[in-house]
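Protein chains in written order, with full-length UniProt numbering: chain A, 1 to 208; chain B, 1 to 208; chain C, 1 to 208.
There's no promise every hint is true.
You can't tell identical chains apart in this list, so a pair holds if it fits in one copy or across any two.
[Stated by the list, open to error] BS3-like mimics (lysine-lysine), calculated; alpha carbons at most 27 Å apart, straight line:
| hint | residue 1 | residue 2 |
| --- | --- | --- |
| 1 | Lys87 | Lys32 |
| 2 | Lys32 | Lys200 |
| 3 | Lys200 | Lys87 |
These are calculated hints, taken from the structure and not from any lab test.
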Amino acid sequence: MSFDITAVVNIMGLAAVAVFAISGALDAARQKMDILGFMLIGTATGIGGGTLRDVLLGNVPVFWIREPVWILICLVASAVTYFIAPKLASRSRTLIWMDAVGLALFAVVGTEIALEFGTSSLIAICMGVMTATFGGIARDVLCGSNLTLMNEELYITTALAGSVVYLLLNSFNLPNSYDLIGGFLVAFILRALAIQFHLKLPNPHRKD
Amino acid sequence: MSFDITAVVNIMGLAAVAVFAISGALDAARQKMDILGFMLIGTATGIGGGTLRDVLLGNVPVFWIREPVWILICLVASAVTYFIAPKLASRSRTLIWMDAVGLALFAVVGTEIALEFGTSSLIAICMGVMTATFGGIARDVLCGSNLTLMNEELYITTALAGSVVYLLLNSFNLPNSYDLIGGFLVAFILRALAIQFHLKLPNPHRKD
Amino acid sequence: MSFDITAVVNIMGLAAVAVFAISGALDAARQKMDILGFMLIGTATGIGGGTLRDVLLGNVPVFWIREPVWILICLVASAVTYFIAPKLASRSRTLIWMDAVGLALFAVVGTEIALEFGTSSLIAICMGVMTATFGGIARDVLCGSNLTLMNEELYITTALAGSVVYLLLNSFNLPNSYDLIGGFLVAFILRALAIQFHLKLPNPHRKD
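Pulled out of the complex, with its shape left as it was, chain A reads as follows (with noise of 0.2 Å):
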């Protein structure tokens, strides 16, 4: 039996877009919104970086309208969200964990997408971060909060360090499912220990 990589990587990364998709979802709860505004609050969050690396790549229709899948796991996941957050909102842990997972994945996803292309390195790890952070960034300016990811512990930090990862391990030829490996480990045990020792890039603009 071999190993079938791509269906891992679209299984996790249907459960990461969910992810996000609830995470904005919640942010909608806090707003007091209807029920349609979780669905828009929590798609944009869970298909917005993809989607802007689509747009920016000229790689069109974006993604979700070429396999509405995305799109319709992100509705789902929101409008469940609307009539369980209360008992969402206390396994915020849990949603932690998994948003690192979408994290890692995602950035690790939109190296390879970017490279694909034809991009540059350099393009390739932007393209990379921004298809991780871009749907969180999109959610706080929709709900008109600060950007979170700024308060988060390493969150792009993360993201850039699955992409750099990724693109190290992809130069040495190496079988495809190495890279993607490897990136999103780094990325996940990265942030794992940046939750769990609360580590933060220093700040001298900030004095705590």
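Guided by the hints, dock chains B and C onto chain A, whose structure is given.
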């Protein structure tokens, strides 16, 4: 004499973007902007929804670059609003009804354009809702306001209903105009009822 | 020796995006972000205008994916700003003048690129204004600030003037550089006068 639905849709469409532009310009008035600020916010409100739709579909250059009359009418409507803002504010009842026309029309037209691009039904509905609502979202984000569509009576719901009815009628292979007219009327009447009777979606998260 | 206007425009363009990136990074400093926050806001400010222009025109992949030097200079300028932000803040006078160069230059270059895409004059002007101003709008939206371009002395007006003058000169079939230089100079001088004499558009809605 044959009934030319395309001409009617175009005329109603131009009226609709003008109304959306005026609603944006009135927000600029609240922010005490100068005339170019009115034109910026008004134009973003008027063409924002269709622009996002075209960008995501890859229907570029976007519609108002291909047919500048759409941006021209936004610029003119916003500039005129600058001079008559106090008078328009007292006509807010009129504006709400014109906005309802625009909302209903943009929902069906957005759905139709997506279908012409060969998208699935789900995506066509998303595109209809987006075309109808994103201009107002852009206005609120630029002005730093809360999303007003969240507080409106059945605002997203109306766009959704119009889009779904359009799709249903369209699947019967009726002549083109019936689906447009049917979707438009359902959306407009629903919005009219919601405005008159202050209908909103149930919202257990909000305790009024 | 022939005068190479393209090289001059490119060098001034790189200087201009760097200044825009610095202005974004200084806003990140006010928000006490870490170095990656500086780079995110700074880069969005530096390349935001040209990115929106390219996306709307369908000129994709957008310019900084095709020529990564543009995003590289934003990343470097923002990162450097992180370390010298306090010193730069006391140089705000210098930055305003460099920003004026960028504003004037982006307006004419944006207009030129739109014309090359075969747009009408009205659209070319809109694209010029958008290229010059949207980076600052993106910065303000990301930082949750009011739109600063509304409070600046003749900011949008300046971009508009540069774009219109470029178009007028361009219609005379002069050699390429004259329209660029003419549009740039008119825009820069107008902005310079506005800064020196605190000129603003009349605004009956605002009672100062």
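(request) State the violated hints by number, sorted upward, taking the hints as numbered earlier in the document. (result) Every hint satisfied by this model.
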